[in-house]
Amino acid sequence: MTQLVIIAIYLALLLALGGVASRLFRGTSSDYMLASHSIGPFLLLMSLFGTTMTAFALIGSTGEAYKEGVGVYGLLASSSGIIHSLCFFTIGIRLWSFGQRHGYRTQIQFFRDRLESDRIGLLLFPILVGLIIPYLLIGVIGAGGVINGVTRGAFVDYGWFEDYGFGVPGWLAKLVICGVVLLYVFFGGMRGTAWANTFQTIVFMVMGVVTFYVIADRLGGQDSLLANLRAASQAVSDTKLIRGEHISKLKFLTYMFVPLSVGMFPHLFQHWLTARSASSFKLPIVAHPIFIMIVWVPCVLVGVWATSDLAAVPDSIRPNQVLSYLVKNLAGDVLGGLLTAGILAAIMSSLDSQFLCIGSMFTNDIVVHYAGKDRFNDKQIITIARAFVVAIVAVTFLLSLAEPRRVFTLGVWCFSGFSSLFPLVFAAVYWRGLTKAGAYASILVAISSWLVFFQQSHFAKDPAYTFLGMMPVATMIACSTAALIVVSLLTQSPGEATLAKFFRR
Amino acid sequence: MRYVVWGLVLLLIVLHQDVWFWDDATLVFGFLPITLLFHAGISLSAAVVWYMATKFCWPDDLEDHVIEVVREEQQA
Numbered sequence: 001m002t003q004l005v006i007i008a009i010y011l012a013l014l015l016a017l018g019g020v021a022s023r024l025f026r027g028t029s030s031d032y033m034l035a036s037h038s039i040g041p042f043l044l045l046m047s048l049f050g051t052t053m054t055a056f057a058l059i060g061s062t063g064e065a066y067k068e069g070v071g072v073y074g075l076l077a078s079s080s081g082i083i084h085s086l087c088f089f090t091i092g093i094r095l096w097s098f099g100q101r102h103g104y105r106t107q108i109q110f111f112r113d114r115l116e117s118d119r120i121g122l123l124l125f126p127i128l129v130g131l132i133i134p135y136l137l138i139g140v141i142g143a144g145g146v147i148n149g150v151t152r153g154a155f156v157d158y159g160w161f162e163d164y165g166f167g168v169p170g171w172l173a174k175l176v177i178c179g180v181v182l183l184y185v186f187f188g189g190m191r192g193t194a195w196a197n198t199f200q201t202i203v204f205m206v207m208g209v210v211t212f213y214v215i216a217d218r219l220g221g222q223d224s225l226l227a228n229l230r231a232a233s234q235a236v237s238d239t240k241l242i243r244g245e246h247i248s249k250l251k252f253l254t255y256m257f258v259p260l261s262v263g264m265f266p267h268l269f270q271h272w273l274t275a276r277s278a279s280s281f282k283l284p285i286v287a288h289p290i291f292i293m294i295v296w297v298p299c300v301l302v303g304v305w306a307t308s309d310l311a312a313v314p315d316s317i318r319p320n321q322v323l324s325y326l327v328k329n330l331a332g333d334v335l336g337g338l339l340t341a342g343i344l345a346a347i348m349s350s351l352d353s354q355f356l357c358i359g360s361m362f363t364n365d366i367v368v369h370y371a372g373k374d375r376f377n378d379k380q381i382i383t384i385a386r387a388f389v390v391a392i393v394a395v396t397f398l399l400s401l402a403e404p405r406r407v408f409t410l411g412v413w414c415f416s417g418f419s420s421l422f423p424l425v426f427a428a429v430y431w432r433g434l435t436k437a438g439a440y441a442s443i444l445v446a447i448s449s450w451l452v453f454f455q456q457s458h459f460a461k462d463p464a465y466t467f468l469g470m471m472p473v474a475t476m477i478a479c480s481t482a483a484l485i486v487v488s489l490l491t492q493s494p495g496e497a498t499l500a501k502f503f504r505r
Numbered sequence: 001m002r003y004v005v006w007g008l009v010l011l012l013i014v015l016h017q018d019v020w021f022w023d024d025a026t027l028v029f030g031f032l033p034i035t036l037l038f039h040a041g042i043s044l045s046a047a048v049v050w051y052m053a054t055k056f057c058w059p060d061d062l063e064d065h066v067i068e069v070v071r072e073e074q075q076a
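Those sequence lines, one after another, are chains A and B.
Per our numbering: the first sequence = residues 1 to 505.
Per our numbering: the second sequence = residues 1 to 76.
Don't take every hint at face value.
What the hints assert, rightly or not - To give an idea of the chain B side of the interface with chain A (calculated C-beta under 8 Å), a few residues:
| id | residue |
| --- | --- |
| 1 | Gly-7 |
| 2 | Val-9 |
| 3 | His-16 |
| 4 | Gln-17 |
| 5 | Asp-23 |
| 6 | Asp-24 |
| 7 | His-39 |
| 8 | Tyr-51 |
| 9 | Pro-59 |
Since the hints were made in silico from the structure, they are not lab data.
Beta carbons: idealized from backbone N, C-alpha and C, even for Gly.
Isolated chain A, as found in the complex (with noise of 0.2 Å):
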């Protein structure tokens, strides 16, 4: 019940955030989808880190550690710190400034408007939302899971809930989840999301390293942190300590193109956006890799130590399970709630973007494209994202109610599906022959060897699925950039008009 507790404050200290960032709200679309472009670069370290960083990032971590041992942080972690910067600063700078140059709120605007073509949209458009659903429902699920974890047996005295062992229910959870978020987005906006982000990237960063503590304090059972912490790594198994046959060098190196996503997220492009100044990318450039490690070291090595006598971990613990099961038998109710309220601020902290986003992309892509900017007034216009956040909102609880078993190795095809659009973003970007056809075939391309891969893993059912030895979306982005090239070459260039609009001699 204490660990409810604390959850239920955590939620409403949200919601009380979301309140005070909705009275500076300006009453303007822009305000409401870009924070009218006000965010400096703390607030945007935080917001990117946040949604970056999803439910993967303390249990997931944790769980993939216990199974796979530390070479998991070279894997997700590293990589990720070099990569995501990159397009921080390649792709994020220059998108940031084409959107301030020139009035764009969605990826698909400045796609149109670059590649000279109307329909590109049609084709991107559920390309993107459908890749990003799967990623929505890890987030809900997830809590889900997690708050009906940490609180079974609360309701024991009462005789609720028997079904869900006396917890609060799955579906109850995943329903007070979306109903937050929703709360906060629909009155905040961006900024609200921006300031929840902080908050919550705060929360879940000093429980991560509050939860290393406490473990390794009860683990070792010494004097010392030192003592406890050389304690705890001794007892672990020479080969959770190396990468050795967890995983082949190949697949290891192809792995890296993974968090190339980054570059073609939807939310993310949004983010980018909101900033104030260019100068603003500067700390999140350089921070979030210090940021990735400061969250991902404590768990990999929590996550290594439960694979040891010492942990005593039960077989029938799933590695996902393993950091609350730690928390809930060695920390006590009260970090175990503090603990809950950081896993669910790194989801939350992913969903809100998204959900703001996909309402932003429904409202400018398809209604007001199509409708015509002055069919409506700018308070219309966030009446229409508000009314598609609500619906997107109640779909996405909806389908997280049918529990797709493997929505977890989902979100690497769903991340892998992103990256081989990384060229088509990159290529539009950086290279003036880039011409409308080359990138309908790129795109085609880049979806046709996803949808082919996909199927010879039997749709997600082998997770260790891989094409030559490799990762699939390393093939899926040689093939992508070989259309993207191939074909521009072979047809015409954008007008001189168009060029200029974004490239500078």
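Start from chain A and add chain B according to the hints.
For chain B alone, coordinates are given in the frame of chain A:
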């Protein structure tokens, strides 16, 4: 300097492969697996390299161009 920075980014990507500690289970300071320490070092080095990028490769012209365009629009 610009080429040095981009060279360092490439070097980070090469060093990230870390084949030399692949099967090394040494615990540095008695508790930190050497490959994890190495990769934490990659994260810190990435921050240093990206700091250099913001110092020596920053596209100042982009911001100037935006300010110029916005001013022109305001005047119009």
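The hints, checked one at a time:
1. Gly-7: 14 Å, violated
2. Val-9: Since chain A brings a Cβ to about 7 Å from B/Val-9, closer than 8 Å, the hint holds.
3. His-16: 6 Å, holds
4. Gln-17: 6 Å, holds
5. Asp-23: It holds, given that the least Cβ distance between B/Asp-23 and chain A is near 5 Å, below 8 Å.
6. Asp-24: 6 Å, holds
7. His-39: 4 Å, holds
8. Tyr-51: At about 5 Å, which falls below the 8 Å cut-off, the nearest Cβ of chain A leaves the hint on B/Tyr-51 intact, so it holds.
9. Pro-59: 6 Å, holds
When each numbered hint is compared with the structure, a violation occurs for hint 1 only.
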